[in-house]
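Q: Okay, here's what each chain looks like letter by letter:
There are 4 protein chains.
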Amino acid sequence: MDVVTINFIDEKPKLNNPIFIEGLPGIGNVGKLAVEHLIEVTKAKKFAELYSKDFPPQVFINPDGTVKLVNNEFYYRKATNKNQPDLILLTGDYQGLSSQGQYELVQSILNVVIELGVKRMYTLGGYGLGHDIKEPKVLFATTHKNLVKPMKEYGAIFRKNEPGGGIIGASGLLLGLGKLQGLEGVCFMGETPGYLVDPNSAKAVLKILMKITKIKVDLSRLEDKAKEIEYIAQQLSEMEGMGKERGDEIQYIG
Amino acid sequence: MDVVTINFIDEKPKLNNPIFIEGLPGIGNVGKLAVEHLIEVTKAKKFAELYSKDFPPQVFINPDGTVKLVNNEFYYRKATNKNQPDLILLTGDYQGLSSQGQYELVQSILNVVIELGVKRMYTLGGYGLGHDIKEPKVLFATTHKNLVKPMKEYGAIFRKNEPGGGIIGASGLLLGLGKLQGLEGVCFMGETPGYLVDPNSAKAVLKILMKITKIKVDLSRLEDKAKEIEYIAQQLSEMEGMGKERGDEIQYIG
Amino acid sequence: MDVVTINFIDEKPKLNNPIFIEGLPGIGNVGKLAVEHLIEVTKAKKFAELYSKDFPPQVFINPDGTVKLVNNEFYYRKATNKNQPDLILLTGDYQGLSSQGQYELVQSILNVVIELGVKRMYTLGGYGLGHDIKEPKVLFATTHKNLVKPMKEYGAIFRKNEPGGGIIGASGLLLGLGKLQGLEGVCFMGETPGYLVDPNSAKAVLKILMKITKIKVDLSRLEDKAKEIEYIAQQLSEMEGMGKERGDEIQYIG
Amino acid sequence: MDVVTINFIDEKPKLNNPIFIEGLPGIGNVGKLAVEHLIEVTKAKKFAELYSKDFPPQVFINPDGTVKLVNNEFYYRKATNKNQPDLILLTGDYQGLSSQGQYELVQSILNVVIELGVKRMYTLGGYGLGHDIKEPKVLFATTHKNLVKPMKEYGAIFRKNEPGGGIIGASGLLLGLGKLQGLEGVCFMGETPGYLVDPNSAKAVLKILMKITKIKVDLSRLEDKAKEIEYIAQQLSEMEGMGKERGDEIQYIG
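Protein sequence lines, in the order shown, are assigned to chains A, L, G and R. The opening residue of the first sequence carries number 1 in the numbering used here; numbering runs sequentially from there. The opening residue of the second sequence carries number 1 in the numbering used here; numbering runs sequentially from there. The opening residue of the third sequence carries number 1 in the numbering used here; numbering runs sequentially from there. The opening residue of the fourth sequence carries number 1 in the numbering used here; numbering runs sequentially from there.
Extracted from the complex, chain A is given alone in its bound form (with noise of 0.2 Å):
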């Protein structure tokens, strides 16, 4: 049994320079938001489950009771006119539990997408602020300095010495074993508060992929989900808050 194995679906597909998008969980899920919904909006189709034992030994369970082996998949979605690229996708329950895993899951991915003939990726994942943040911006980093440019009129930034320590797990990874294979990558952290799920940062993140690869994606279910976060949080807030007043209080009681 191999550290990672790959299960194609039906036959590869067959796609026309296409580019990889990838959204693994990490900081603020921002990465993973963001290629789920493009996998839901633009109707990818799903061609490869990757499994791994470097993934925890774990099924879940869905709605009508049957069990999933938790995974990573690989969807794709040609284009629709000539402006667009094809699109490979990639997002999943988890990335590896070990570091050592993490470079064979990440040499494993590059691998397929190789074979599908990929020469660019763009990579998501988020930036942990620590603190709340009305409109996240996007920063950058790339494997080639070429790349700098196109990708601050795309509307991404880059600000020296951030992130401070590099970027950590797949979306790093992908670029650093992938630049070593000859391919470029950008990598795109959505700034994130980091505390909860952040739809609003995989916004800001599909925002500047959709001028990229000329793809409409309706941004509004994430919009949706964006509310309900805030909600949430809003709540989370009050109750402490609450908490702080009763607190409060019993001290003048005391």
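Hints were generated in silico from the structure; no laboratory data involved. Beta carbons: idealized from backbone N, C-alpha and C, even for Gly.
These stretches of chain G come out as covered by chain L in the derived footprint (C-beta under 8 Å, 3 or more residues):
hint, segment
1, 97 to 106
2, 139 to 151
3, 164 to 174
4, 177 to 187
Once you've looked at the hints, dock chains L, G and R against the given chain A.
A: The following block gives chains L, G and R in isolation, referenced to the frame of chain A:
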């Protein structure tokens, strides 16, 4: 030395369309208690021992002064009438220590039972509630949707989003990996407080298995164990109570 | 690079029905102290060094300024009369760090001693009591039931359910894995407080080994070490006592 | 994917009896600072990059917006006169994360340098004192006894039982594994408080290396860095001091 070593005691048993039942240590030891009881009362015969580098480096000491390397053990039980299926039973001292080891172990177990003709399996575990429960229900999840209705008819229940975190460990992984290899399976999870080993929950699980397998199992010894545990639990709770009372007294004195 | 590398210093020793004695670091360092003493007083000769990736990445610095990569070492000692057996002795700086590594290491050790003709082994360790003990007894456990009676006659004792958790580490695993490969073995566990290295407990273990092997071992140096440790323990306990007294004084002053 | 991958940039350098100098991250970053300085001032040329699954799954972000997968790097520097040796230099972002990985990495490094003709190596590290030190001494340990006297003559010192725990990590393991493969080596450990990176200790180490290699190295930039760090350390200590004063004031007020 492989991660998993399986030693067959004699030759492999010849079984007629056997079903596989797993019960390894876990929450409330529900699965292990159930399968151990089944082995005992049906006089199932051990046919293989599974050793693994992913178990602790440990021997237990038998009452006669000899040592036993920690392991998992396979048993079989032949049908005594035409309505019953042949059984393969698995129990043991430990599940794998590491995530990767769990995958290796479960795949090794699947290899054994697939070779012996298994197409259907039942994995047994506990569902920890964190509070006392009078009449434990048995929840289930399954590999295939068509198994949902019959399991409900056997008295198992399905509650949406329970367990919320899915199933972690061998009971879930056997279903997850088994499904990918064409096996059908159901995981039964007996409700349990989860504080102590729970023969009562194991009994509830076995009652359902009895209906499925048409094997009549004397549950009296399991009921005796349940009474012992109940007695211990009561004593523990009284000791806590006494502690509180004494604490109150001290407060009165103070 | 394998998990375990064994370097034979010259050619492999030719031994006559040798017995194998293991004493690696553990509770009270009882086993290591006993085997090191045995090596010293019987002038046993080193014939192999075992290195492993599962040891820490560490060198010790010898008194002459040179470094020594942490390892385990094999020694042999030829019988000096017909009543004695030839001995293979193992001691070292560490046991394996990981569970899987322990299995690899123990199997590698077994491969060496089986090739050299070993059919019987004695593994030595400590049994931590957590309290002081005047006359440490030596508990045992064994691979084969027929060894129980002779071991009792040699003065070792067996108490049901002790140690409750079985034997963890190389001393247990050598018996567990060895038994599967046809070896006989006994683990001797000297009772020890377990706080400090315990030459006194090592002495108790060696006394039994002397009866078994008919090798007379001068224990005086071990007794000197025991006195040193006793002195250190007393000083530590006095320091604690002084601390308490000073604490009392301060309380009086306060 | 192997644990270690080494990419040679062009062809392998042809070197004349080269000596190997290692300085990876560690206590006070003494070794890394020393080798980085040596690379900079001697204009050593990078000839290979080492990537490993045992490093974190991480990319750093360069000031120009591009990413760099964490790695170790090999450099060489050819002698400019007959008294100097050719040098192979190694530095990098990380040591291995796991114990087993450290062994793999060090063996891979040894394979490279042995193939390039290395017979002697110097590994550089810090010796953490836990207190400030004006004039850091340089301790050493070595693979071969005949190296002790010359190292003392170069100004390095040897104190029995220091460091008490031996040498942990690549600097020690290179000596330990290298010795088993016929290499000579010395580990130099610059005394350092160990709180911050310590260019001053790196300077002390380089002074000894200059005597050994007859390579004159301009240490001024390292001295500048040392002043910067000294300034930061002073500010940190003043901030603590101010905190204390303010604390006193508050106590007076209270």
